Amino acid sequence: VYGRLIALWLACASGEPEALAQPPAQQESPLQTTIELAQPRVDSARNLQATVTLTNAGSEPATVNLLLAPYPSVAIEVRDASGNPVPKGPPPVPPKDEGQGLRTLAPGESVKLDYKGATLFGSAPPPGRYELRFRVRTGSAANQWTGELVSPWVAFEVAP
Amino acid sequence: MPQLKPPTPSVSPAAPAQAPAAPATAAPEVAQAATLGNQETQARMNAAPAPAESSLLAEDSSDAITHEVSERVTQTISNAPDPHGAWNGTFGWDSNFQLVIDPSAKTCTIVVRIHTGASDEVKAKWAAAIEGKWGGKYSLNVAPDADGKGAASYRILCDLQWVDDAKDAHYEVTANTPGADEGGRAGLGGTTSMLGWGTEDEVDVTHEFGHMMGAVDDYFTTNGHDHTHGGTTDGFRDEGGGIMNAPNEDPFVEHYDLVRQHAAKALKVDASRCTVG
Numbered sequence: 001v002y003g004r005l006i007a008l009w010l011a012c013a014s015g016e017p018e019a020l021a022q023p024p025a026q027q028e029s030p031l032q033t034t035i036e037l038a039q040p041r042v043d044s045a046r047n048l049q050a051t052v053t054l055t056n057a058g059s060e061p062a063t064v065n066l067l068l069a070p071y072p073s074v075a076i077e078v079r080d081a082s083g084n085p086v087p088k089g090p091p092p093v094p095p096k097d098e099g100q101g102l103r104t105l106a107p108g109e110s111v112k113l114d115y116k117g118a119t120l121f122g123s124a125p126p127p128g129r130y131e132l133r134f135r136v137r138t139g140s141a142a143n144q145w146t147g148e149l150v151s152p153w154v155a156f157e158v159a160p
Numbered sequence: 001m002p003q004l005k006p007p008t009p010s011v012s013p014a015a016p017a018q019a020p021a022a023p024a025t026a027a028p029e030v031a032q033a034a035t036l037g038n039q040e041t042q043a044r045m046n047a048a049p050a051p052a053e054s055s056l057l058a059e060d061s062s063d064a065i066t067h068e069v070s071e072r073v074t075q076t077i078s079n080a081p082d083p084h085g086a087w088n089g090t091f092g093w094d095s096n097f098q099l100v101i102d103p104s105a106k107t108c109t110i111v112v113r114i115h116t117g118a119s120d121e122v123k124a125k126w127a128a129a130i131e132g133k134w135g136g137k138y139s140l141n142v143a144p145d146a147d148g149k150g151a152a153s154y155r156i157l158c159d160l161q162w163v164d165d166a167k168d169a170h171y172e173v174t175a176n177t178p179g180a181d182e183g184g185r186a187g188l189g190g191t192t193s194m195l196g197w198g199t200e201d202e203v204d205v206t207h208e209f210g211h212m213m214g215a216v217d218d219y220f221t222t223n224g225h226d227h228t229h230g231g232t233t234d235g236f237r238d239e240g241g242g243i244m245n246a247p248n249e250d251p252f253v254e255h256y257d258l259v260r261q262h263a264a265k266a267l268k269v270d271a272s273r274c275t276v277g
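These protein sequence lines map, in sequence, to chains R and A. Taking the numbering used here, the leading residue of the first sequence gets 1, the next gets one more, and so forth. Taking the numbering used here, the leading residue of the second sequence gets 1, the next gets one more, and so forth.
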C-alpha cells in the first residue's frame, strides 16, 4: 500500500495525469525517488547542483542496477518553460554491463547521487525557467528490479 | 569490418559573418539549436577580446598563425535500444579550442586550455593520453591553388594546457574520483561526461576530448548514420568503430573536420583545398 501511495504521489508530482489512468505495465518500484536542488535560482546553469535520493521503501531488500545513474547526460532530463527538452552535453560512451552497477538496498536504506550543472550541460542554457528530473532505466537480469526510476520534476531558474 | 564514415559535425560559427550555409541534411531541431548557438557565441565574442589571427598567408611568413575557435556543435542520436534509450535525443555543446599553425615547423597544433582541480599527477596522465591519441596521427594538407601555388602540409599536433585562472580556460573540467563523485560509480575510471573526467581514467577522457575539438559521437544512429552496421554490432565500443565509438581506438580523419574547416579559415584558403590524411 505504501508503495502504491508513493507511485501515486510521484505521478501527481510529475504532472503526468495519464499515469493515473493507466496502471503501470512494469513491476512496481520498491524505491522512492526524490530530487533536491541546492539552489532553485542560479546565475548560470553550470552552477546547478542536484541530489537524487533513492530509498528502499519496501520491506524486503531490493537489488537495482545503477550502472547508468552516474552519467548526468543520460540520467537527468531537462525541459524549458514550454516543455521542450533542453540539450545536454554529449552522452558518455555507453558502458558495458558487467554487474558493476548492481546495488542492494536494505529496507529503509538510501543511496544519494549528486549531479552538477557543470558536467550536465555542454552549453549553458540561457536565462529562463526550467525543470529537471532524474530518470533511469534499471535492471536487466534475474533478481533485479526492472523498470524506470523517475523522480518528480523540480523547477529552477537561471537568472537573467 | 568496413568503417562507416562519421557524420560531419553540425556546427555554428563563432561569428555570424563567417556563417556557412546550414548542412542540407540538418534536422530542423539541429538548425534551431545552431541558431541559438550563434546568439550565445556572439554575445561571448562581444564580451571577449578579439582572437589573435595573423593577416599573412602561410606561404609568405614563418610567423605562427593563431586562430580561436568557438562553435556550437549538435548531434541527434536515435535507434538506441533499451537499456540505452536515454542516449536517444539531441545533445549540444560548445567546441572551443585554438589552432596554432606554424609554417616553419610545418605543424598545426590544436591547443585546449583547461582549468581543473585535479592534481599535477593526474593532469600529466590526462595530457599524455590525449596528446598521444589526437596528435601525430595525421597531417593537414593544403592543395595548390589554380596557379599551382600554396601547397603545404602541416603535421597535426595536440597541446593540452593547464591554466590557473578559469577565465583563461576554454573549459573547466571537474575531476571525478571513482567512488566519491557523482554517485560514486562514475564511468570508466571516473569519467562521466565531456566536462567530468575520471582521475583514474586515461581512455574515456580521450573520447571526451574529441568533443572539445568538434567531433560528434558515433553511437547507434547519430545524425542519420547507422553505426550498428545494419544491426550487426552494438553501436558502441565496437571493434573498428574509431575513438568516438570505442575510446580505446584511434581517431578517424573525419573527427578532425572542424579543425580542417578552421585551419582553412586561418590560412585564408578555401576549405575545399584542405584535407586531413
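No lab work stands behind these hints: they were computed from the structure. Check before you lean on any hint, since a few could be wrong.
What the hints assert, rightly or not - Some, not all, of what chain R presents toward chain A, calculated at C-beta under 10 angstroms:
#	residue
1	Glu-60
2	Leu-68
3	Pro-70
4	Pro-72
5	Ala-81
6	Leu-120
7	Glu-131
8	Arg-135
Everything numeric in this text was worked out from a predicted model, so none of it was measured. Beta carbons are placed, not taken as given, at the ideal position from N, Cα and C, and that holds for glycine.
Results for each hint:
For the restraint placing R/Glu-60 at the interface with chain A, the shortest Cβ-Cβ distance is roughly 23 angstroms, beyond the 10 angstroms limit, so the hint is violated. For R/Leu-68, the interface hint holds, the least distance from its beta-carbon to any beta-carbon of chain A being 7 angstroms, beneath 10 angstroms. Checking R/Pro-70 against chain A: minimum C-beta separation of about 4 angstroms stays under 10 angstroms; hint holds. Because the beta carbon of R/Pro-72 sits about 6 angstroms from the nearest beta carbon in chain A, less than 10 angstroms, this interface hint is met.
With a least beta-carbon distance of about 15 angstroms to chain A, the hint placing R/Ala-81 at the interface is violated under the 10 angstroms criterion. The beta carbon of R/Leu-120 comes within 7 angstroms of a beta carbon in chain A, closer than 10 angstroms, and the hint placing it at the interface holds. For the restraint placing R/Glu-131 at the interface with chain A, the shortest Cβ-Cβ distance is roughly 16 angstroms, beyond the 10 angstroms limit, so the hint is violated. At a threshold of 10 angstroms, the smallest CB-CB gap from R/Arg-135 to chain A is about 7 angstroms, leaving the interface hint in force.
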